Amino acid sequence: MSVGLATNLGVAPVMQDAGASPLVVRGMTVSYGQKPVVFSVDMEIKNGSMTAIIGPNGAGKSTLLKAALGIVKPLAGDALVFGQPLRNQRSRIAYVPQRASVDWDFPTRVIDVVLMGLYRELGLLGRVRKGHIQKAMACLDRVGMTDFADRQIGQLSGGQQQRVFLSRALAQEAELYLLDEPFAGVDAATEKAIISVLKGLRDEGKTVVAVHHDLSTVGEYFDRVFLINTNKIAEGPVKETFTSENLDRTYGGRLATGQLDQLNLAAG
Amino acid sequence: MLLEALSLQMGYNATLVTIGACFLGVAAGVTGTFLYLRKRALVSDAISHATLPGVGAAFILMVMLGGDGRNLPVLLFGSAVSAGLGLLCVNWLTRQTRLAEDAAIGSVLSVFFGFGIVLLTIIQTMSAGRAAGLEGFLLGSTAGMLWNDAIVIVLSGAVTLALVLLLRRPMGLVAFDPEFAASSGVNIERVDLAIMGLVMAVTVVGLKIVGLILIVAMLIIPPVTARFWTDRTDRVALIAGFCGGAAAWIGAAISATAPALPTGPIIVLVSFAMFAVSMFLAPDRGVLAAFLRHQSFQKRVHLRQGLLALAQEQPIYETYTMRLLHRAGLALPDGVPTEAGKARAAKALRDEKRWQLVRADQSLESAAALYDGLREIETVLTTDQISEIDAQIGGPRGLSE
Numbered sequence: 710m711s712v713g714l715a716t717n718l719g720v721a722p723v724m725q726d727a728g729a730s731p732l733v734v735r736g737m738t739v740s741y742g743q744k745p746v747v748f749s750v751d752m753e754i755k756n757g758s759m760t761a762i763i764g765p766n767g768a769g770k771s772t773l774l775k776a777a778l779g780i781v782k783p784l785a786g787d788a789l790v791f792g793q794p795l796r797n798q799r800s801r802i803a804y805v806p807q808r809a810s811v812d813w814d815f816p817t818r819v820i821d822v823v824l825m826g827l828y829r830e831l832g833l834l835g836r837v838r839k840g841h842i843q844k845a846m847a848c849l850d851r852v853g854m855t856d857f858a859d860r861q862i863g864q865l866s867g868g869q870q871q872r873v874f875l876s877r878a879l880a881q882e883a884e885l886y887l888l889d890e891p892f893a894g895v896d897a898a899t900e901k902a903i904i905s906v907l908k909g910l911r912d913e914g915k916t917v918v919a920v921h922h923d924l925s926t927v928g929e930y931f932d933r934v935f936l937i938n939t940n941k942i943a944e945g946p947v948k949e950t951f952t953s954e955n956l957d958r959t960y961g962g963r964l965a966t967g968q969l970d971q972l973n974l975a976a977g
Numbered sequence: 027m028l029l030e031a032l033s034l035q036m037g038y039n040a041t042l043v044t045i046g047a048c049f050l051g052v053a054a055g056v057t058g059t060f061l062y063l064r065k066r067a068l069v070s071d072a073i074s075h076a077t078l079p080g081v082g083a084a085f086i087l088m089v090m091l092g093g094d095g096r097n098l099p100v101l102l103f104g105s106a107v108s109a110g111l112g113l114l115c116v117n118w119l120t121r122q123t124r125l126a127e128d129a130a131i132g133s134v135l136s137v138f139f140g141f142g143i144v145l146l147t148i149i150q151t152m153s154a155g156r157a158a159g160l161e162g163f164l165l166g167s168t169a170g171m172l173w174n175d176a177i178v179i180v181l182s183g184a185v186t187l188a189l190v191l192l193l194r195r196p197m198g199l200v201a202f203d204p205e206f207a208a209s210s211g212v213n214i215e216r217v218d219l220a221i222m223g224l225v226m227a228v229t230v231v232g233l234k235i236v237g238l239i240l241i242v243a244m245l246i247i248p249p250v251t252a253r254f255w256t257d258r259t260d261r262v263a264l265i266a267g268f269c270g271g272a273a274a275w276i277g278a279a280i281s282a283t284a285p286a287l288p289t290g291p292i293i294v295l296v297s298f299a300m301f302a303v304s305m306f307l308a309p310d311r312g313v314l315a316a317f318l319r320h321q322s323f324q325k326r327v328h329l330r331q332g333l334l335a336l337a338q339e340q341p342i343y344e345t346y347t348m349r350l351l352h353r354a355g356l357a358l359p360d361g362v363p364t365e366a367g368k369a370r371a372a373k374a375l376r377d378e379k380r381w382q383l384v385r386a387d388q389s390l391e392s393a394a395a396l397y398d399g400l401r402e403i404e405t406v407l408t409t410d411q412i413s414e415i416d417a418q419i420g421g422p423r424g425l426s427e
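Taken in sequence, the protein lines are chains A and B. Per the working numbering, residue 710 is the first one in the first sequence, and the count goes up by one each step. Per the working numbering, residue 27 is the first one in the second sequence, and the count goes up by one each step.
Calculated from the structure, these hints are not laboratory results. There could be a bad hint or two in this list.
Computed, partial: chain A to chain B, Cβ under 7 Å [claimed, not checked]:
no., residue
1, Ser-810
2, Met-825
3, Met-846
Output of the computed footprint for chain B on chain A, the stretches with three or more beta carbons under 8 Å from beta carbons of chain B [as the list claims (entries may be wrong)]:
no., region
4, 777-789
5, 793-802
6, 811-821
Computed from a predicted structure; not experimentally measured. Backbone N, C-alpha and C define an ideal beta-carbon position, used for all residues, glycine too.
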């Protein structure tokens with residue numbers, strides 16, 4: 710049925726809470742001032758899928774994620790994580806914010822950032838022990854950043870910073886990974902490293918959702934898409950949903966026809 | 027005389043002041059670290075100025091109830107209440123109106139302070155008011171400090187410090203990455219409130235010693251000083267606590283040596299001296315280090331560019347480059363390379379080609395990250411790796427010499 714899962718063949722997805730979708734958003738409306746950025750959006754993320762959230766600038770992609778995570782307070786609507794309210798399920802979620810959202814001159818080292826992923830495990834006063842460091846180093850290893858563990862984070866390139874953020878999310882050992890523009894402003898090597906980690910997660914049966922803006926890689930990287938422009942436009946497998954009509958409706962004709970032709974779109 | 031003061035041998039009052047100030051300094055430095063990292067340093071200015079009406083109101087109330095009016099814990103409690111109100115006003119203005127935080131701080135600070143001055147003036151006209159000495163809260167007044175006052179300061183300073191240590195992890199997390207913190211279930215508003223509440227506690231505790239106008243300095247200067255010396259949050263807090271405590275101890279001691287030296291301002295000046303030394307002399311982030319680094323970097327860039335130009339037989343236009351090449355014995359004054367210069371130039375060109383390959387190779391990324399156009403390739407790669415790269419470059423050019 711879902712042809713997009715081709716790379717997942719032969720790997721049985723791990724079932725969690727049989728039947729409960731990792732993330733369900735219902736009637737979500739978020740507004741900054743009087744203007745809704747996300748309006749009455751429903752979303753259902755399938756277990757073990759890799760979903761791209763796609764839409765033009767200012768279409769509410771990041772805001773939808775933040776509202777689902779309770780980072781932004783919605784005007785209406787709510788989110789269920791594995792069938793339950795978010796507050797009981799925090800430890801099953803990992804979040805990678807936009808790289809530009811933090812001050813990289815902050816006095817902290819790469820390893821310290823990754824250890825932040827163990828915040829829930831460490832609690833207020835838990836000491837950072839050898840085991841925690843080893844776990845953090847293993848997460849850095851998965852993104853090829855062990856050599857940088859002791860560097861101040863400001864000394865990293867943009868792509869390396871992004872990989873550190875991803876590594877912090879890995880340390881959270883979650884089941885649902887939400888990423889906000891993980892490929893924005895990174896070098897090709899980093900993009901490759903990140904996507905291979907994300908596909909690895911998917912192959913372990915985890916669920917990945919990423920705000921994505923590069924239409925040309927959607928088919929290669931993801932198996933499902935969620936198209937949004939303040940309102941939800943469409944949601945489904947890439948093959949069926951990532952069509953030129955849907956993109957036209959999402960971008961309001963702002964994509965040139967030439968651009969659309971270059972995307973290996975499903976016949977739609 | 028100063029030595030006596032530093033070793034607490036200047037008499038009872040001076041000892042009380044020095045110990046109290048030191049506790050305050052440590053608590054302020056450590057608490058201020060999180061305020062500074064959260065980039066809300068100026069909020070503390072609004073909080074401190076907002077303490078004044080509380081002091082005045084508490085005094086008036088106590089006198090009206092037939093009390094002495096100078097009871098320090100009650101005055102401090104009053105100042106905490108009005109500081110809390112000031113903080114709520116700043117938060118409310120920032121969130122509910124289009125006012126930016128700096129404008130909100132400016133308005134709250136001046137209005138609360140103005141109101142406080144009005145109350146102090148009224149108190150001056152009261153029969154019990156003349157001896158109150160409430161203006162001492164503006165710049166601190168340690169002359170009449172009592173044993174009980176010192177106990178209040180030391181205890182509340184210690185409690186504040188303990189709370190900061192307890193909350194350091196969520197506060198650091200929120201300061202660095204609030205969105206991630208929220209996604210991990212940290213209540214940002216509550217953590218922010220905790221930071222501000224602790225700052226308020228330090229401010230109130232510090233009223234007697236440094237006064238409300240200068241307490242900002244004790245909160246902000248130590249962490250900024252500490253930041254010059256380290257790249258780690260816990261160490262910034264640690265060094266800030268040390269700097270704050272040391273500055274307070276030394277400042278209180280200096281002021282004890284002469285009657286005309288006010289404690290609070292002297293502490294701030296000592297603190298500033300530490301900041302100035304750190305700013306100029308800190309090894310990595312200091313101004314001097316940055317200047318020297320820039321100089322040597324520029325020199326190496328010119329030398330390298332000069333060598334590459336020699337290797338490719340291009341003309342060198344910059345006199346600085348020429349002078350460097352000549353001084354290093356690599357070229358004659360007219361720009362003709364010496365034998366040594368020719369050899370170095372050829373190596374520079376070859377290294378440049380090697381670097382290009384290193385930087386294109388994902389498996390050598392950590393080495394490639396060190397590329398700055400100048401670094402000797404031998405310092406980052408083994409000879410095996412280099413010969414492997416030379417094999418890729420191919421041809422006699424890569425292998426010659």
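Structure-based check of each hint:
1. Ser-810: Nearest chain B Cβ about 6 Å off; hint holds.
2. Met-825: holds (6 Å)
3. Met-846: violated (14 Å)
4. 777-789: holds (count 3)
5. 793-802: That given contact holds, which follows from 3 residues of the region 793-802 of chain A lying within Cβ reach (below 8 Å) of chain B.
6. 811-821: Holds: 7 residues of the region 811-821 of chain A have a Cβ under 8 Å from chain B.
In terms of the numbered hints stated before, the structure departs from hint 3 and from no other.
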